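Novice: As they're listed, the protein sequences go chains H and L. Under my numbering, the letters of the first sequence match residues 679 to 979, in that order. Under my numbering, the letters of the second sequence match residues 679 to 979, in that order.
What the hints contain is simulated information worked out from the structure, not anything from laboratory work. The reader is advised that the hints may include incorrect statements.
Partial chain H-side listing against chain L, Cβ under 7 Å, derived [said to hold, decoys possible]:
(1) R779
(2) R784
(3) R787
(4) V806
(5) L821
(6) E925
(7) T927
(8) G951
(9) Q969
(10) L977
Sample of chain L residues lacking proximity to chain H, with all beta carbon distances greater than 10 Å (derived) [said to hold, decoys possible]:
(11) I734
(12) F761
(13) H766
(14) R894
(15) N947
Far from chain L, some chain H residues (derived; all Cβ distances over 10 Å) [to be verified]:
(16) D711
(17) R719
(18) H766
(19) S793
(20) E807
(21) A813
(22) P822
(23) D823
(24) V825
(25) G882
(26) G893
(27) V921
(28) G950
Keep in mind the model is a prediction, meaning the values are calculated, not measured. Quick reminder that beta carbons are idealized off the backbone N, C-alpha and C, glycines included.
Protein chains: 2
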Amino acid sequence: MAQAAQTPRAAQPARAAQTEQPAPATIGNSEFDRDTAVVRRGPGLYDAQLSEGWTIIEAVNGGYLLAILGRALGEALPHPDPFTITAHYLTASRPGPAEVRTETVRTGRTLSTGSASLIQRNEDGSEVERIRVTAHYGDLDDLPDDVRTTAKPPAIPPYEHCLGADAAPDAALIPGSSAITDRLDLRLDPATAGWAVGAPSGRGEMRAWFGLADGRDADPLSLLLAVDALPPTAFELGLMGWVPTTELTVHVRCRPAPGPLRIAISTRNLAGGFLEEDAEVWDSQDRLVAQSRQLARALPV
Amino acid sequence: MAQAAQTPRAAQPARAAQTEQPAPATIGNSEFDRDTAVVRRGPGLYDAQLSEGWTIIEAVNGGYLLAILGRALGEALPHPDPFTITAHYLTASRPGPAEVRTETVRTGRTLSTGSASLIQRNEDGSEVERIRVTAHYGDLDDLPDDVRTTAKPPAIPPYEHCLGADAAPDAALIPGSSAITDRLDLRLDPATAGWAVGAPSGRGEMRAWFGLADGRDADPLSLLLAVDALPPTAFELGLMGWVPTTELTVHVRCRPAPGPLRIAISTRNLAGGFLEEDAEVWDSQDRLVAQSRQLARALPV
Chain H
679 MAQAAQTPRA AQPARAAQTE QPAPATIGNS EFDRDTAVVR RGPGLYDAQL SEGWTIIEAV
739 NGGYLLAILG RALGEALPHP DPFTITAHYL TASRPGPAEV RTETVRTGRT LSTGSASLIQ
799 RNEDGSEVER IRVTAHYGDL DDLPDDVRTT AKPPAIPPYE HCLGADAAPD AALIPGSSAI
859 TDRLDLRLDP ATAGWAVGAP SGRGEMRAWF GLADGRDADP LSLLLAVDAL PPTAFELGLM
919 GWVPTTELTV HVRCRPAPGP LRIAISTRNL AGGFLEEDAE VWDSQDRLVA QSRQLARALP
979 V
Chain L
679 MAQAAQTPRA AQPARAAQTE QPAPATIGNS EFDRDTAVVR RGPGLYDAQL SEGWTIIEAV
739 NGGYLLAILG RALGEALPHP DPFTITAHYL TASRPGPAEV RTETVRTGRT LSTGSASLIQ
799 RNEDGSEVER IRVTAHYGDL DDLPDDVRTT AKPPAIPPYE HCLGADAAPD AALIPGSSAI
859 TDRLDLRLDP ATAGWAVGAP SGRGEMRAWF GLADGRDADP LSLLLAVDAL PPTAFELGLM
919 GWVPTTELTV HVRCRPAPGP LRIAISTRNL AGGFLEEDAE VWDSQDRLVA QSRQLARALP
979 V
């Protein structure tokens, strides 16, 4: 909270008063909540609607999709919060109707385990599986308060000195949908934004402030979105091609405090056409609230 | 290969000649291969025998179990090598018969996806699921040779200056089985072995040379064992209790070269009774051959 004066949330009330900006959205009543809603249709079976609002170019964001699956598992299992959740991406999801089929693998006192599939239909009506997920769920509020972490929050300039989508030069404009950028309040550390002006740093690092554009605070489900919301580290390594996720695992370690998040992503090993992307997500109280790793392909342009 | 003079494999021939030590075991003909064998009983269905040889105290090693599941998936899927494999541990496995049930989720040109369950029977004959796995498989030999990694091998003293199980003082002796230590050629960096003499470093780090005791070289399946074979980093953080794995994800990035491996494990975040353990495995040619992360519980003594 020591950095509250640097954060967008603290700066908003003054602006809102001047421009009659709407009040910030709340957890449970926001675009993210509406677009990740699942409707129970039978035991372990849920209907979902994949929104065009979370697409980039032609792809539906993988973290948004994971949040839908995570929400269905949270309803199907006796525990509310994803402690560790792994998605294997199979085929490219499309905006439109989808079905989530959950299986309760095991229920325990402190942890429950479930798996889930996201299913869509081809034009000929045949089913196609998009994503397979397995996860342990628990209750973050039941965890003891001990913190013996040696990890430190990322060194990132104040929010006001970081770069939003409006600061992107024409060179960074991407053909196709950029709908997701309107829904995020994402501010890149200028030190990791060289790729946008054709001068990538050569280091596999990306750092940013992260929030939802409508002011909704973070919760465990929006953390699943946050870990996959930054530009690929591959851009800073000089590879501007498509970087599809094959597998993504997220550990949610703590319920995030209100206020903006800081995210640091790093890649150590780009080899054989694959790279890992590790993300750390820190909340406004300097708690490491989520850690993730994905294995992505680096496809040629 | 520059470090071959420091390695146990290079030192063995001379010793073998003097003591008539048996020739090193080979991939496909070793205790590890026999103890991870699966016998096909039907479509996607395999019988396995969990060996007592890979136990520590009362637990069957989680990496050994993952290797059995990984082997069954390698037989069931059209591709041979695990590229990314995730295990959710449900209940404690016991030495004895087990069944692996695989499902082919998707087959693609370069990647196939499968899931697998390890099943055992309770004394009353009822089934109990031990582990649920999901994985992408591919062929490591088909990957391009590009390496743009920024990762560096761990700084670890030569093999001869590291500590084997025979160097452990009485204080480090653990009640119960230590069978697995006989099957591994594990040499700890003395800088990360303070826990064994009651002087943990306070840093969540563990580094070691790793091989199989019978001299079998590493392959993708034995890498699944390697990432979970070191003492827990929690020991160096001063926590000497049980540290059961809840989830483990391994990325196999390269087929390992012959010769010993170097493994570095680190923990950044111990909080709320959970900790992550990240492992990097390096081969004798200084290639980063595997990366893993697990979420473990830190249970009180």
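Novice: Taking the closest pair, is the beta carbon of E807 (chain H) still more than 10 Å from chain L?
Specialist: violated, 7 Å
Novice: Verify the interface restraint on V806 (chain H): the C-beta must sit less than 7 Å from at least one C-beta of chain L.
Specialist: violated, 9 Å
Novice: Once the closest CB in chain L is found, is it more than 10 Å from S793 (chain H)?
Specialist: violated, 7 Å
Novice: Decide, holds or violated, for the assertion that all CB atoms of chain H are farther than 10 Å from the CB of R894 (chain L).
Specialist: holds, 24 Å
Novice: Interface hint check: T927 (chain H), Cβ to nearest Cβ on chain L, cutoff 7 Å. Holds or violated?
Specialist: It holds, given that the least Cβ distance between T927 (chain H) and chain L is near 5 Å, below 7 Å.
Novice: With a cut-off of 7 Å on the beta carbons, see whether R787 (chain H) makes it to chain L.
Specialist: Status violated, d = 13 Å.
Novice: Going by Cβ atoms, does D823 (chain H) stay more than 10 Å from chain L at every point?
Specialist: Incorrect as stated: the minimum Cβ-Cβ distance to chain L is 8 Å, not above 10 Å.
Novice: Just to be careful: measuring from the Cβ of R779 (chain H) to every Cβ in chain L, is the smallest value less than 7 Å?
Specialist: violated, 13 Å
Novice: Report holds if the minimum CB distance from F761 (chain L) to chain H is greater than 10 Å, and violated otherwise.
Specialist: violated, 7 Å
Novice: Per the stated criterion, does the least C-beta distance between G950 (chain H) and chain L lie above 10 Å, as a non-interface residue requires?
Specialist: violated, 3 Å
Novice: Since A813 (chain H) was said not to touch the interface, does its Cβ keep a gap of more than 10 Å from each Cβ of chain L?
Specialist: Contrary to the label, A813 (chain H) does not stay out of reach of chain L, its closest Cβ about 8 Å off (not over 10 Å).
Novice: For P822 (chain H), is the shortest beta carbon distance to chain L beyond 10 Å?
Specialist: Per Cβ check, P822 (chain H) is inside 10 Å of chain L; nearest 5 Å; violated.
Figure legend: structure checked against the earlier numbered hints; hints not met, in rising order: 1, 3, 4, 10, 12, 13, 15, 18, 19, 20, 21, 22, 23, 24, 25 and 28.
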